[in-house]
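Chains R and Y are the protein sequences, given in the same order. The first sequence runs 4 to 169 under my numbering. The second sequence runs 2 to 166 under my numbering.
These are computed hints drawn from the structure, not numbers from a lab. It is possible that some hints are incorrect.
Restraint-style ranges between C-beta atoms, simulated for each label pair [unchecked claim]:
#, chain 1, residue 1, chain 2, residue 2, range
1, Y, 111, R, 59, 56 to 66 Å
2, Y, 149, R, 92, 21 to 31 Å
3, Y, 30, R, 119, 37 to 47 Å
4, Y, 21, R, 83, 56 to 66 Å
5, R, 154, Y, 82, 47 to 57 Å
6, Y, 29, R, 10, 35 to 45 Å
7, Y, 69, R, 10, 46 to 56 Å
8, Y, 44, R, 164, 46 to 56 Å
9, Y, 29, R, 140, 43 to 53 Å
10, R, 10, Y, 34, 42 to 52 Å
11, R, 140, Y, 96, 46 to 56 Å
Think about it this way: if two alpha-carbon atoms lie no more than 30 Å apart in a straight line, the pair counts; the simulated DSS-like pairs of lysine-lysine are [what the hints assert, rightly or not]:
#, chain 1, residue 1, chain 2, residue 2
12, R, 66, R, 8
13, R, 60, R, 169
14, Y, 132, R, 169
15, R, 34, R, 151
16, Y, 112, R, 169
17, Y, 132, R, 8
18, R, 8, Y, 112
A few chain Y residues that don't get close to chain R, going by computed Cβ distances all over 10 Å [said to hold, decoys possible]:
#, residue
19, 63
20, 145
21, 152
Glycine residues also receive a C-beta, built at the ideal position from the N, C-alpha and C atoms.
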Amino acid sequence: MVNVKHGIFALLMAAGAILAFFLFFQGDEAKIKKRFHALAELAEKNGNEHNLIAAKKAHQIEKMFSKTVRIQIPSYDIDRSFDNRDISPHVLYARARYQTISLEFHDFRFDFPEDETAVVSLTGVLNALTGSGERIREFHEMVSTLEKVNGEWLITEVSGVDVLEK
Amino acid sequence: MSRKQIQQFLFPELNRKFLIRVLAVGIGAFVIFSYILIPFRITGFSMEPTYRDGEINFSFALNYIFSPPERFDVVTIRLSGTRVMLLKRIVAFPGETVAFEEGYLMINGQKIAEPYVSERRPWNLAPRTVKEGHVYVVGDNRNVPMNTHDFGQTPIHRITGAPLW
Numbered sequence: 004m005v006n007v008k009h010g011i012f013a014l015l016m017a018a019g020a021i022l023a024f025f026l027f028f029q030g031d032e033a034k035i036k037k038r039f040h041a042l043a044e045l046a047e048k049n050g051n052e053h054n055l056i057a058a059k060k061a062h063q064i065e066k067m068f069s070k071t072v073r074i075q076i077p078s079y080d081i082d083r084s085f086d087n088r089d090i091s092p093h094v095l096y097a098r099a100r101y102q103t104i105s106l107e108f109h110d111f112r113f114d115f116p117e118d119e120t121a122v123v124s125l126t127g128v129l130n131a132l133t134g135s136g137e138r139i140r141e142f143h144e145m146v147s148t149l150e151k152v153n154g155e156w157l158i159t160e161v162s163g164v165d166v167l168e169k
Numbered sequence: 002m003s004r005k006q007i008q009q010f011l012f013p014e015l016n017r018k019f020l021i022r023v024l025a026v027g028i029g030a031f032v033i034f035s036y037i038l039i040p041f042r043i044t045g046f047s048m049e050p051t052y053r054d055g056e057i058n059f060s061f062a063l064n065y066i067f068s069p070p071e072r073f074d075v076v077t078i079r080l081s082g083t084r085v086m087l088l089k090r091i092v093a094f095p096g097e098t099v100a101f102e103e104g105y106l107m108i109n110g111q112k113i114a115e116p117y118v119s120e121r122r123p124w125n126l127a128p129r130t131v132k133e134g135h136v137y138v139v140g141d142n143r144n145v146p147m148n149t150h151d152f153g154q155t156p157i158h159r160i161t162g163a164p165l166w
């Protein structure tokens, strides 16, 4: 019985150490995941929102992107580069069209072709309710390139992947 | 069953044997439900009436280990992983031409009988050839405008399995 107690204690200690490691010594993968989850949280909307809050969220989203951002979504015929200062107005406009927005990111796959560069494949799921009451559910596979600038991972490129080609 | 046995069943003694059993069940369940029988919930109406919105199912990942997918098989297709997948029916293989004429599926110019389709809108899609290493997939619900329905060709390697039922 003493051995079992010691075993359980050792297991708990190991679990605690693993938890502490993940909490305090996050690797780049965890940092990038956290960045996307923060982006999803900022994009979220539940009913009416004060203009100031909407502007603050749009500004925070803007700060997650590098100075120039390239967006490529073949299914929507979008392929252009933005100055990151143009992101805020786009975000404000897009969020204003919906009553509610829920954005989730799943299935992250990482590649680090260079030290300060990450290429991430992920799936984005958007659930939204338009101003006219239409329910929208979209999911897209995306490939995003990020660069580490002053210790922060900034999104420099987002490309949509066509899983089904008509 | 005696009272002692019930007590032992509900509140088992934390001995080594019990902990090993719990660990084995935990690891087994993790492996099975992460890689072999991947649970999923259907959201959307693209496979109606065969599969309905809200139904629960499992994607059986070993389904195509010994035999390749066949025409009219319903398959799960991964996006960047298996957390979000598409559920579609295979209708054509590499080299075949696919088209829709007034809602009817045409393969190599021949009208195909599709008993799983209950109602259809007059979809029209010009013929296109399925690329090497791809399959052409469509949902069973053709009673929606064509531009709102996700279908098309996808690489075979994206197929993760088939629904268990």
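Against the structure, the hints come out as follows:
| no. | hint | in the structure |
| --- | --- | --- |
| 1 | Y/111 - R/59: 56 to 66 Å | 59 Å, holds |
| 2 | Y/149 - R/92: 21 to 31 Å | 29 Å, holds |
| 3 | Y/30 - R/119: 37 to 47 Å | 40 Å, holds |
| 4 | Y/21 - R/83: 56 to 66 Å | 58 Å, holds |
| 5 | R/154 - Y/82: 47 to 57 Å | 28 Å, violated |
| 6 | Y/29 - R/10: 35 to 45 Å | 21 Å, violated |
| 7 | Y/69 - R/10: 46 to 56 Å | 48 Å, holds |
| 8 | Y/44 - R/164: 46 to 56 Å | 20 Å, violated |
| 9 | Y/29 - R/140: 43 to 53 Å | 34 Å, violated |
| 10 | R/10 - Y/34: 42 to 52 Å | 27 Å, violated |
| 11 | R/140 - Y/96: 46 to 56 Å | 34 Å, violated |
| 12 | R/66 - R/8 | 50 Å, violated |
| 13 | R/60 - R/169 | 36 Å, violated |
| 14 | Y/132 - R/169 | 12 Å, holds |
| 15 | R/34 - R/151 | 11 Å, holds |
| 16 | Y/112 - R/169 | 19 Å, holds |
| 17 | Y/132 - R/8 | 61 Å, violated |
| 18 | R/8 - Y/112 | 71 Å, violated |
| 19 | 63 | 21 Å, holds |
| 20 | 145 | 14 Å, holds |
| 21 | 152 | 6 Å, violated |
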